[in-house]
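Chains as they are written, first to last, in numbering that gives the first Met the number 0: chain A, 0 to 512; chain B, 0 to 131.
Source of the hints: derived by calculation from the structure; they are not laboratory data.
Be aware that a few hints might be false.
Claimed, not checked - Computed list of lysine-lysine pairs in BS3-like fashion (alpha-carbon distance at most 25 Å, straight line):
(1) B:Lys56 - A:Lys262
(2) B:Lys127 - B:Lys115
(3) A:Lys316 - A:Lys387
(4) B:Lys119 - A:Lys347
(5) A:Lys170 - A:Lys354
(6) A:Lys170 - B:Lys115
(7) B:Lys103 - A:Lys347
(8) B:Lys103 - A:Lys316
(9) A:Lys336 - A:Lys170
(10) A:Lys253 - B:Lys76
(11) B:Lys2 - B:Lys115
(12) B:Lys127 - A:Lys354
(13) A:Lys117 - A:Lys332
(14) B:Lys80 - A:Lys253
(15) A:Lys354 - B:Lys56
(16) A:Lys248 - A:Lys289
(17) A:Lys322 - B:Lys76
(18) A:Lys262 - B:Lys115
(19) B:Lys80 - A:Lys117
(20) A:Lys347 - B:Lys127
(21) B:Lys76 - B:Lys119
(22) A:Lys262 - B:Lys119
(23) A:Lys262 - B:Lys2
(24) B:Lys33 - B:Lys103
(25) A:Lys134 - A:Lys70
(26) B:Lys35 - B:Lys80
(27) B:Lys56 - B:Lys80
(28) B:Lys33 - B:Lys56
(29) A:Lys253 - B:Lys103
(30) A:Lys253 - B:Lys1
What the hints assert, rightly or not - Negatives, chain B to chain A, calculated, CB over 10 Å:
(31) Trp7
(32) Pro16
(33) Val22
(34) Met36
(35) Lys72
(36) Asp83
(37) Gly85
(38) Val89
(39) Pro122
For each residue, glycine too, the CB sits at the ideal point set by N, CA and C.
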Amino acid sequence: MKTVHEINEKIRNGDAVVVTAEEMIDIVDELGAEKAAVEIDVVTTGTFGAMCSSGAFLNFGHSDPPIKMCKTYLNGVEAYSGIAAVDAYLGATQTNSDDDIDISYGGSHVLEDLVAGKEIELVAEGYTTDCYPRKKVETTITIDDLNQAILVNPRNCYQSYNGATNSTEEKIYTYMGALLPEFGNLNYSGAGQLNPLQNDFNKETKTYNTLGMGTRIFLGGAQGYIAGSGTQHSPNGGFGTLMVQGDLKEMSTKYLRGATIPKYGSTLYMGIGIPIPVLNAEIAKTCAIKDEDIAIPILDYGIPRRDKPELGVTNYKDARSGKVTIEVEIEGKKVDKCMRSASVSSYKVSREISKELKNWISNSEFMLTERLEPLKSAAPKPMKAKMKLVKDILSRPVVVGSLNTSITEASRVLIENNINHLPIVDENGKLSGIITSWDIAKAMAQDKHSISEIMTTYIVSATPDETIDMAARKMSRNNISGLPVVDSNNKVLGVVSAEDISKLIGRNGLHKI
Amino acid sequence: MKKRVFYWISGSNVREPVVSNVVLETGVMVNILKAKMEPREGFLILELTGDEGQIEKSIEILKKFGEVEDIPKIIQKDDEKCIDCGACVVHCPVGALSVDEEFKILLDEDECIGCKNCAKICPVNAIKIFEI
Ligand code: SF4
Ligand code: SF4
């Protein structure tokens with residue numbers, strides 16, 4: 000019906016009718032898609048949220064004498080420089096190499112500081128060659144000293160995202176933010192009805208109407224481009240992603256912000272807006288998608304596995320209201336659980352982006368492009384990696400003690416079996432405590448005589464189907480060296496110790512978990 | 000209205016039930032936000048809730064036994080830094096943080112009890128705490 004070329008003519012003459020995706024909802028409701036497609040030329044979208052997969056290629060120019068940079072640090076954050084002599088890629092989630100600063104300053108903060116025009120400390124080392132005799136360089140730079148600073152983000156602008164909640168009894172810290180125990184909150188992300196990919200998505204064909212490689216977009220406050228489909232792009236599930244690129248030098252800290260998700264690490268908040276040319280009624284209809292039509296699957300992030308259990312589904316309208324109720328199973332009973340919902344992306348800024356892009360187009364400052372290629376229709380595959388479960392390393396016969404065991408007896412059992420942990424069970428074989436050789440040593444020193452006086456009753460346990468990585472993480476988090484393994488009836492099946500695990504994955508492996 | 004004060008008692012006054020007196024005599028609600036008692040002195044952060052008269056009278060009584068200093072703010076949100084994500088809202092135990100119709104995140108400094116939950120959550124360090 001219309002072409003991008005015709006719309007660009009109108010934009011040039013200042014005649015184009017541009018509305019935001021929010022405004023388009025009412026227009027299509029009122030006029031219907033056919034008429035709306037005649038009236039409206041462009042719909043603008045916007046989103047502003049944590050986009051971990053972000054970073055920039057930086058070119059520093061040559062020093063005198065020249066250096067071939069191999070290890071490169073910007074304000075103590077390592078940038079990958081195995082590219083050419085003085086190029087590096089700085090990833091947003093790279094953490095500071097200084098233990099004192101920890102994860103609170105990372106690549107994303109360097110990117111923000113660059114955009115803010117601040118001075119950045121550059122330290123680089125290389126190996127010497129005839130053309131690159133210099134070994135080390137230490138200097139300060141600002142973004143103006145760089146030849147190029149090109150933002151290239153491999154996976155941005157998720158079409159939809161899961162909501163995260165936590166069924167466990169402990170507060171957990173995830174890339175979706177802090178999750179309170181026992182379904183205390185539901186964290187969700189995304190702009191819903193303002194989301195660029197959502198507004199361009201044809202639900203039937205699972206393809207995107209207009210955008211693709213080469214589409215000009217709003218990126219971090221400047222004009223950027225879609226470079227193609229993003230990594231892990233999965234339009235079949237409604238989880239499309241984009242690879243985007245733009246000139247960091249033109250961006251603004253209003254739409255590009257370094258951030259730290261507590262106890263997870265740094266990430267970059269990116270602002271992306273995409274114009275959708277309303278070429279026909281089909282497109283007009285898609286652009287009128289509403290918050291209530293966009294599902295948010297609610298997953299239990301308390302289970303740190305690739306496939307997290309889905310507990311229910313909500314939508315952006317309900318999530319934005321601040322409260323979401325789902326039916327969950329607690330101790331075998333179905334109960335309604337009302338969770339407070341919190342966004343980790345900003346709808347306010349998403350809206351500002353859609354409006355700013357609308358202004359650019361209305362003021363003839365931004366022309367639309369026709370895509371060179373549509374986005375791919377790939378579906379991501381999981382990683383092939385071996386997994387070990389707790390039950391795989393539970394070969395020994397289980398050694399337990401009872402409440403009547405004497406301390407002398409208990410210490411004999413520990414020594415004879417060459418173990419450090421003795422679970423104490425009641426008459427039904429259910430776990431009631433645990434003692435370690437350390438508890439026994441303490442009992443001797445304090446002249447205590449009964450097991451119940453010295454055993455630990457607050458017990459962190461594992462289940463046979465947990466992965467050993469989960470068990471290792473539990474131990475390091477609680478600063479303990481062994482976990483009793485119990486079945487669903489709290490019957491003791493054995494013990495996994497830090498030693499068992501480190502034998503399996505090696506010393507270094509355990510530290511990294 | 001609510002008023003937050005820093006209270007310092009010294010010497011033998013440490014043994015006086017000052018806070019109870021204030022409550023009994025004025026009917027004001029007192030919330031003890033922080034307390035550190037030493038043998039010869041005590042530091043308290045009190046939050047007084049009541050009408051203006053009650054609060055004035057409470058302060059008079061408090062002054063008889065020690066020194067009172069106003070605490071205007073414990074916590075502040077830097078609106079320039081805040082990206083209005085809203086991650087902090089559910090972590091506030093007293094509802095001092097809220098979302099308005101424009102999806103802007105608001106902090107009601109009068110309601111805040113200074114628990115710091117929000118500051119620990121905020122991804123961009125937009126919340127500043129004044130250590131008292
Ligand atoms: S410090 Fe605590 S009480 Fe005050 S606003 Fe933050 S979360 Fe709420
Ligand atoms: S978490 Fe921080 S950035 Fe997000 S709304 Fe709260 S104060 Fe603002």
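Now the hints, each set against the structure:
1. Between B:Lys56 and A:Lys262 the CA atoms are separated by roughly 46 Å; this puts the pair beyond 25 Å, and the hint is violated.
2. The hinted pair formed by B:Lys127 and B:Lys115 meets the criterion: a straight-line CA distance of about 9 Å does not exceed 25 Å.
3. Simply put, A:Lys316 and A:Lys387 have alpha-carbon atoms about 41 Å apart, too far for the 25 Å limit, and the pair is violated.
4. For the given pair, B:Lys119 sits about 22 Å from A:Lys347 by alpha-carbon distance, which is consistent with the 25 Å threshold.
5. Restraint check for A:Lys170 and A:Lys354: the C-alpha separation of about 38 Å exceeds 25 Å, so the hint is violated.
6. Proximity of A:Lys170 to B:Lys115 is assessed by CA-CA distance (about 16 Å); at most 25 Å being required, the pair is judged to hold.
7. Annotation: proposed proximity of B:Lys103 to A:Lys347 holds, straight-line Cα distance about 6 Å (limit 25 Å).
8. Only pairs whose Cα atoms come within 25 Å are accepted, and B:Lys103 paired with A:Lys316 is accepted, the gap being roughly 17 Å.
9. Among the hinted pairs, A:Lys336 with A:Lys170 is consistent with the structure: their alpha-carbon atoms are about 17 Å apart, no more than 25 Å.
10. Taking the CA atoms of A:Lys253 and B:Lys76, the gap is near 17 Å; set against the 25 Å cutoff, the hint holds.
11. Proposed proximity of B:Lys2 and B:Lys115 is supported: the alpha carbons are some 19 Å apart, at most 25 Å.
12. In summary, the hint linking B:Lys127 to A:Lys354 is not supported, as the alpha carbons are separated by about 30 Å, beyond the 25 Å threshold.
13. For the hint pairing A:Lys117 with A:Lys332, the CA-to-CA distance comes to about 57 Å; that exceeds 25 Å, so the pair is violated.
14. With a C-alpha separation of about 9 Å, the suggested pair B:Lys80 and A:Lys253 falls inside the 25 Å cut-off, and the hint holds.
15. Straight-line distance between C-alpha atoms of A:Lys354 and B:Lys56 comes to about 53 Å, which puts the hinted pair past the 25 Å bound.
16. A C-alpha spacing of about 35 Å is found between A:Lys248 and A:Lys289, which places the hinted pair above 25 Å, so the restraint is violated.
17. A C-alpha spacing of about 24 Å is found between A:Lys322 and B:Lys76, which places the hinted pair at or below 25 Å, so the restraint holds.
18. For the suggested pair A:Lys262 and B:Lys115, the alpha carbons sit about 16 Å apart, so the restraint of at most 25 Å is met.
19. Of the pairs offered as hints, the one joining B:Lys80 and A:Lys117 holds, with about 16 Å between alpha carbons and a cut-off of 25 Å not exceeded.
20. Proposed proximity of A:Lys347 and B:Lys127 is supported: the alpha carbons are some 22 Å apart, at most 25 Å.
21. Between B:Lys76 and B:Lys119 the CA atoms are separated by roughly 13 Å; this keeps the pair inside 25 Å, and the hint holds.
22. Of the supplied pair hints, the one linking A:Lys262 and B:Lys119 holds, its CA atoms being roughly 10 Å apart against a limit of 25 Å.
23. Restraint check: the Cα-Cα separation between A:Lys262 and B:Lys2 comes to about 35 Å, which exceeds 25 Å; the hinted pair is violated.
24. Of the pairs offered as hints, the one joining B:Lys33 and B:Lys103 is violated, with about 31 Å between alpha carbons and a cut-off of 25 Å exceeded.
25. As the CA atoms of A:Lys134 and A:Lys70 are separated by approximately 11 Å, the hinted pair is consistent with the 25 Å bound.
26. Annotation: proposed proximity of B:Lys35 to B:Lys80 is violated, straight-line Cα distance about 34 Å (limit 25 Å).
27. Among the hinted pairs, B:Lys56 with B:Lys80 is inconsistent with the structure: their alpha-carbon atoms are about 40 Å apart, more than 25 Å.
28. Taking the CA atoms of B:Lys33 and B:Lys56, the gap is about 22 Å. The hint holds against a cut of 25 Å.
29. The straight-line distance between the Cα atoms of A:Lys253 and B:Lys103 is roughly 15 Å, inside the 25 Å bound, and the hint therefore holds.
30. At most 25 Å may separate the alpha-carbon atoms for a hinted pair to count; A:Lys253 and B:Lys1 exceed this at roughly 35 Å.
31. At roughly 34 Å, the least C-beta separation between B:Trp7 and chain A is larger than 10 Å, which holds for a residue marked as non-interface.
32. No Cβ of chain A comes within 10 Å of the Cβ of B:Pro16; the nearest lies about 37 Å off, and the non-interface call holds.
33. For B:Val22, the requirement that its beta carbon stay farther than 10 Å from each beta carbon of chain A is met, with the minimum near 33 Å.
34. At roughly 30 Å from the closest C-beta of chain A, the C-beta of B:Met36 stays outside 10 Å, upholding its exclusion from the interface.
35. Here B:Lys72 stays apart from chain A, with its beta-carbon at least about 23 Å from theirs, past the 10 Å limit.
36. Some Cβ of chain A comes within 10 Å of the Cβ of B:Asp83; the nearest lies about 4 Å off, and the non-interface call is violated.
37. Annotated as non-interface, B:Gly85 brings its C-beta within 10 Å of a C-beta of chain A; the closest such distance is 4 Å.
38. At the 10 Å boundary, the C-beta of B:Val89 falls inside the reach of chain A, the nearest C-beta of that chain being 4 Å off.
39. With 10 Å as the threshold on Cβ separation, the claim that B:Pro122 sits away from chain A is violated: the shortest Cβ distance comes to roughly 4 Å.
The earlier numbered hints that this structure contradicts are 1, 3, 5, 12, 13, 15, 16, 23, 24, 26, 27, 30, 36, 37, 38, 39.
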